[in-house]
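Make the full structure from the sequences, and use the hints.
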Amino acid sequence: MTSAKPALLSVEGALEAIASAMPMMGVETVALKEGDGRVLASPIDATLSHPPASVSAMDGYAAMAADLTAFPADLEMIGESAAGHPYGGDISKGQCVRIFTGAHCPPGADTIILQEDTEAEGNRITVHEAPAKYRFIRPEGNDFSMGDRLFEAGRTLSARSLALIGSAGHGTVEVRRKPRVAVISTGDELVEPGVTPGPHQIISSNSIFLEKLIRAVGGEPLSLGIVRDEDKALDAALEQSMAADLIVTSGGASVGKHDGIARRMQSGSDLSFWRIAMRPGKPLVFGHIGGDARTPLLGLPGNPVSTGVCGIIFAAAAIRAMLGQDYAPAYHHAVLEADLPQNDRRQEFMRARMAFRDDGRIAVTALQGQDSGMMAVFAHAEALIMRPANAPAVGAGEIVPILMIPPGI
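Per my numbering, the very first residue in the sequence shown carries number 1; after that it's consecutive.
There could be a bad hint or two in this list.
As the list claims (entries may be wrong) - Capping the alpha-carbon separation at 16 Å, the derived lysine to aspartate or glutamate pairs in EDC-like fashion look like this:
| no. | residue 1 | residue 2 |
| --- | --- | --- |
| 1 | Lys-93 | Glu-119 |
| 2 | Lys-93 | Asp-117 |
| 3 | Lys-282 | Asp-344 |
| 4 | Lys-232 | Glu-174 |
| 5 | Lys-133 | Asp-110 |
| 6 | Lys-93 | Asp-110 |
| 7 | Lys-133 | Asp-67 |
| 8 | Lys-93 | Asp-67 |
| 9 | Lys-282 | Glu-12 |
| 10 | Lys-33 | Asp-188 |
| 11 | Lys-282 | Asp-371 |
None of these hints come from the bench; they were simulated from the model.
Listed below in structure tokens is the structure:
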């Protein structure tokens with residue numbers, strides 16, 4: 001009588017185990033110009049209001065609505081207000097001030113008359129029509145007011161968010177330190193890109209993908225290059241990686257005698273899990289190495305598509321957790337364009353093309369060739385169709401969950 005195989009860990013269980021074990025990165029202060037792509041460590045509140053006073057949204061004349069009840073109306077122009085050079089006085093009945101976009105409205109003005117609706121002769125202005133009161137006036141604090149919460153901690157900073165933070169009175173931001181992620185590719189068969197492979201060799205591509213992915217989600221990759229399937233070489237590479245915040249390996253995670261990562265994680269290391277109920281990516285391994293230092297290690301399968309899919313789901317989640325961000329995959333709903341068969345007991349992530357329909361919904365089609373070694377299929381995919389374990393067959397027109405592959409990944 002044989003004992004039953006232990007149940008494989010779910011994708012959700014693996015994500016939770018990885019994220020909960022990640023160290024939180026420390027805080028550093030950087031200039032706004034250096035903040036692109038960084039993750040906020042603390043909330044951002046406005047230190048001033050924008051606009052700082054009521055300003056004009058158009059070129060024209062600032063006047064009083066009480067003088068504009070009948071047309072044509074005749075007004076006296078008593079001065080000018082330009083951006084950075086406001087008019088210094090008030091306006092009274094029968095008066096107006098020449099005003100330009102972004103300029104402060106003088107006290108007493110409640111209407112901006114458009115330039116094209118007037119005729120000017122000297123300091124006399126004839127008004128043929130006028131908009132509603134306040135129509136083209138942006139009141140003080142219309143965009144944001146002093147003390148308003150602009151961003152919460154955990155936000156990835158973009159050009160737009162940095163511009164807003166700067167306009168709110170900040171010259172620096174507190175951000176999380178970038179996680180240092182060591183990248184190791186294992187295999188005697190691997191050669192570096194640009195090297196002509198021999199008859200039993202292949203070009204190492206996983207490290208290219210992983211380093212780009214790590215940068216894209218806010219980490220700093222530390223490449224250890226190709227490590228041969230020899231105990232001494234692997235031990236040396238792992239020892240060199242101990243100063244990193246996370247070690248990510250590709251290859252060596254399966255059950256073969258040359259799979260050194262899996263063997264090390266099962267003996268002499270703090271193993272969290274090995275193998276999960278997922279396709280592609282079943283041989284995923286996670287734990288800690290290095291004794292008291294306890295450096296987390298995420299071992300990805302060596303097949304390129306398995307590395308890619310596991311990188312998008314698990315390596316990215318690990319980095320986001322270290323940055324204080326939500327690590328859970330962001331699923332969207334899409335309309336299936338072609339039938340899919342029933343799934344087996346492993347959750348599957350199918351490479352797919354994606355398009356936006358005329359009705360605004362997302363449409364997806366699973367690509368031909370779902371083998372985990374088919375890099376060309378993965379490179380042309382725009383989304384991953386998530387098929388739950390034991391999911392029934394689904395037909396064209398039905399709704400399925402997808403993970404969008406970010407542009408540039």
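Within 16 Å, alpha carbon to alpha carbon, are Lys-93 and Asp-67?
-> holds, 7 Å
Straight-line Cα separation of Lys-282 and Glu-12 no greater than 16 Å?
-> holds, 14 Å
Does Lys-282 pair with Asp-344 here, judged by a C-alpha cut-off of 16 Å?
-> Satisfied, since the Cα-Cα distance of roughly 13 Å is no more than 16 Å.
If you draw a straight line from the CA of Lys-93 to the CA of Asp-110, is it 16 Å or shorter?
-> holds, 12 Å
If you draw a straight line from the CA of Lys-133 to the CA of Asp-110, is it 16 Å or shorter?
-> Distance ~6 Å between Lys-133 and Asp-110 Cα, so the pair holds.
Decide if the proposed pair is consistent with the structure: Lys-93 and Asp-117, CA atoms, cutoff 16 Å inclusive.
-> Violated. Lys-93 to Asp-117 sits at ~20 Å, over the 16 Å cutoff.
If you draw a straight line from the CA of Lys-232 to the CA of Glu-174, is it 16 Å or shorter?
-> Violated: Lys-232 and Glu-174 sit about 42 Å apart, past 16 Å.
For the pair supplied as a hint, Lys-33 and Asp-188, is the alpha-carbon distance within the 16 Å limit?
-> violated, 43 Å
Taking 16 Å as the top limit, are the C-alpha atoms of Lys-133 and Asp-67 close enough?
-> holds, 11 Å
Does Lys-93 pair with Glu-119 here, judged by a C-alpha cut-off of 16 Å?
-> Violated: Lys-93 and Glu-119 sit about 19 Å apart, past 16 Å.
Pairwise hint evaluation, Asp-371 against Lys-282, where the allowed Cα distance is 16 Å at most = holds, 13 Å
Comparing the model with each earlier hint shows violations of hints 1, 2, 4 and 10; every other hint is respected.
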